[in-house]
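J.: Here's the letter readout for the chains.
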Amino acid sequence: MQPDARFEGYAPATDVAGTSRTPTPVSRRNFLAAGLGGAATLMLAACGGTNPTPESSVGGAHTNAAGSGSRSPGGAAASATPTSGGTLRIAFVGGGNAETLNPTIASLADIDICRSYQLFDGLVSKLTLDGKIQMALAESLEPNTDGTLWTIKLRKDVVWHDGSPFGADDVIYWLNFLNDVKNGCDNNFMCQLFFDVKNVKKVDAATVQLPMMLPVADLASLLAFESYGVIKNGTKDFSHPVGTGPFKFTSWTPGQQSVFSANKNYWGGAPHIDTLQLTSIPDDTARLNALLGGQIDGAATLPYAQAKAYQGKGENSPIAVLVSNGSSQTYFTLGMSQAPFNDPRVVEAFKLMVDREQMLSQVNVGFGEILNDLWGKGLDYYDTSIPQRTQDIDKAKSLLKQAGHEGLTTTITTSTEKSGQIQAATLLAQQAKAAGVTINLRQVPADTYYSTGWPNYPFGQTSYETAPIPYFYAAALLPGGPFNDIQWTDPAVANQLKDALGEMDPSKSKDKWSAMQQTIWDKSGWICWGSSPWVDGLSKKVHGTTPVRWQLASFGGYDFSNYWLS
Amino acid sequence: MLRFLLRRIAWAIVTLWIVSVIVFAATSVLSGNAARAVLGKNAAPATLHALESELHLDRSVFYQYWYWLSHFVRGDFGHSAASVIGSDTAHNSIITLIAGPAANSAILAVITVIIMIPVSLLMGVLAATRAGGWMDHVTAIVSLTAISLPEFVTGTILVAIFATALSWLPPVSLIGPGQGVLDVPQILVLPILTLLAATVAECVRMVRSSVIEALDSDYVATARLAGLSESRIMFSYALRNALAPSVQVIALNMQWLVGGIVVVETVFSYPGLGRLFVSAVNLRDIPTTQSIALLLAAIYIALNILADLIITFLVPELRLA
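Those protein sequences? They're chains Y and P, same order as listed. If you count the first sequence from 1, position 107 lands on 107 in the working numbering, and the numbers rise without skipping. If you count the second sequence from 1, position 142 lands on 1142 in the working numbering, and the numbers rise without skipping.
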């Protein structure tokens, strides 16, 4: 396997900051080869040699994915050589006329997030399946000794879709765009918390220096999420976007359909397909009908029960089911500033009432894995040494008694915003009865769940896509972050988090993150009971879907540049 | 006649104003606002406040209504709240936003009506002239079944037969960017069949019973005694008198189409006004919601006036009233 010259020369630059989170050099070709099938992958992994390249992790991930029921449509072994060309047609729920091609606000609808990853690239990429972060438009990210100034070295081989070269001026324009409150960017809060954009400096055509307002030990972990697509210097209008991504804009009608063409000059290797057509079909049944009727080649987010039924048909199933694992989940939130959850004993009692196995088997129909009231299982910084919390009704009862809340009655705000959400709330109410707790359900319409009082619900639920651990906790727990959905405003916790985020010494950093997660496990109002993988339906003529390479969302992190059609 | 028309139009304007107040109040009462809905859960408080003030959501409800109304009467329908951020300037004028979907819905409705009227008259007359016969029974069973089934069930059954099982027609109405529905006419078939199933059945029942009633009347008996042929009796006397109630029921069904299209468009993901309406409400996009609601209400009222005019024309006594 000869690595593509274009992909060599990644500096493993964050060594200073990172322990195991160093971006490892990887060639996309190797990844493509890994896509040829399980056997090939394992062989490659075996040939991997001395350095622990991601191939081996992808191989492992494949086994993992296969274990949870996903398979390559059409049989990976049967078709070895990807064929080029054709139109891949994929349908999502869509976001109506609020759909946008602006990659800095692409979070409202999955289809927006997906489009932003096709047209644009971030400085760093999505999380890989084994929880690592790889560089994208940035060649390296290097901090000074205390993490207050980061030097961002950019790739020199990147061109925009209009042919102009990508460079430092684009990144500086993009940072200022994020920083301007008027633009409403999703990651604007990062500029308020960390990035000192006013003092950003261009060193040369491919180097930018970004000072931080707080010490940041691992910048990549704050950048590996959605809505970070880098835009071209001077971009004001996104109706005909010019990006650097694997696909180029052709045409689009909001709420209906977009057509993108392959970027043959993509720095990460040209996609196999010629055309990518992304369609909005809001109705679940209509979306599945379109797939069964051959109008589309892929339908995002099948309901779990339906996915299970098609998986059960095995080879006779008219469609293939693709499972993209990750740490996406819908968790319960206890508002720690409001009664009765301002009493830590009540919070702990609620965490002890939950039967997580039952939740997973009934609500997720067996998809996903059990979680331990912590964010980001399987990602860097995750502390696996903290024991798994299990149901303990007696302890829950005695804690409630101590708190003077025997026979407590409370209300959870729930909705059908995410599939399985209301089922989880209903099941929790049943499980709570054993501890003498009555939980009433207050259902709000799905489309208003996040606009009617969230994140200040006294008792609610939040669903979130896979984000790196530092990103997630910073957004939730630092004052000024967008979603403190448990209303945990203890300054000591915010300071502990800032301390962990800024710790430059790898070994101390590990201890501080462990301590941070222990505090969260002990005290926080988050009940994380299980992960919810993304489950999609695919036509059997789509190949290159496994092994799943990225985390985040549907279709292995919207990995269409790797897909091919037979 | 002219006075009648003017009076009706004046009332129509008053009705539309009341509709605008109700829709505005209802949208404002709904929890959540456009800023939250558009920005999603990642929005930091500072970003939220910036958008809220841009959309005047930080002002009183009365100010917001006045702002909208005063612009609306001047022909400025405003901008979709959904596309204020992101500078997608090409897409955010409401006229541009509504025009395409409105045309698509109009195509669906007009074709449905063009088929509905002759088919229901023909089937109704046939069933009436053979009242009690097998033809009448079959029509009764089919039309009663069609009336009892909600459109989304009819739609699903049609998809199961014609799309999934036979693969004759596409199950979902997909059109590409820049395409119109007429560029892919096959997507129209199933939505129109679904709408016809719901409307034709009702019209047939009504035409049948009013024709039977007319055939039972004294003047038909007199005509028969005078020796006129059955076809002459039917077309010169019975049908004309039976038409007045039929026009009413046809008008009612056309008005129903205004709402029924919303459901059918959802089932087939048809890119029409109904789908846009649902999306606008979900996003708390008040300017768009208002504009679509008023457009639909105006069509409803216009159909009413038109039906009254036709009936007045058909029934001479009413012209004096």
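Treat the hints as calculated values from the structure; they're not laboratory data. This one's a predicted model, so the numbers in the text were calculated from it and none came from an experiment. Each hint should be verified, as a subset may be incorrect.
Listed next, the in silico BS3-like pairs over lysine-lysine satisfying Cα-Cα at most 27 Å (straight line) [stated by the list, open to error]:
1. Y:Lys198 x P:Lys1041
2. Y:Lys236 x P:Lys1041
3. Y:Lys232 x P:Lys1041
4. Y:Lys523 x P:Lys1041
Facing chain P, a subset of chain Y residues (Cβ under 10 Å, in silico) [what the hints assert, rightly or not]:
5. Ala98
6. Asp146
7. Gly147
8. Gln192
9. Asp196
10. Val197
11. Gly234
12. Thr253
13. Gln443
14. Phe483
15. Gln487
16. Pro491
17. Ala492
18. Ala494
Where a beta carbon is used, it is the ideal one built from N, C-alpha and C, also for glycine.
J.: Gly147 of chain Y was flagged as interface toward chain P. Is the shortest Cβ-Cβ separation under 10 Å?
T.: Not OK, violated: Gly147 of chain Y not within 10 Å of chain P, min 22 Å.
J.: Next item in the hint list is Pro491 of chain Y. Is there a CB on chain P closer than 10 Å to its CB?
T.: Nearest chain P Cβ about 18 Å off; hint violated.
J.: Would the stated hint for Ala492 of chain Y survive a check requiring a Cβ distance to chain P of less than 10 Å?
T.: violated, 22 Å
J.: Straight-line Cα separation of Lys236 of chain Y and Lys1041 of chain P no greater than 27 Å?
T.: holds, 24 Å
J.: Hint Thr253 of chain Y vs chain P: min CB-CB distance below 10 Å?
T.: Holds. Min distance 4 Å.
J.: With a cut-off of 10 Å, does the beta carbon of Ala98 of chain Y approach a beta carbon of chain P closely enough for the hint to hold?
T.: holds, 4 Å
J.: Given the proposed pairing of Lys198 of chain Y with Lys1041 of chain P, does the C-alpha separation stay at or below 27 Å?
T.: holds, 26 Å
J.: Grab the minimum C-beta distance from Gly234 of chain Y to chain P and call the hint holds if it beats 10 Å, violated otherwise.
T.: violated, 12 Å
J.: Minimum Cβ distance from Phe483 of chain Y to chain P below 10 Å?
T.: holds, 6 Å
J.: Has the given pair, Lys523 of chain Y with Lys1041 of chain P, been kept, meaning a C-alpha gap of at most 27 Å?
T.: holds, 24 Å
J.: Less than 10 Å between beta-carbons is the criterion; does Gln192 of chain Y satisfy it with respect to chain P?
T.: holds, 7 Å
J.: Return the status of the interface hint for Asp146 of chain Y: holds when the least beta-carbon distance to chain P is below 10 Å, violated otherwise.
T.: violated, 26 Å
Comparing the model with each earlier hint shows violations of hints 6, 7, 9, 10, 11, 13, 15, 16, 17 and 18; every other hint is respected.
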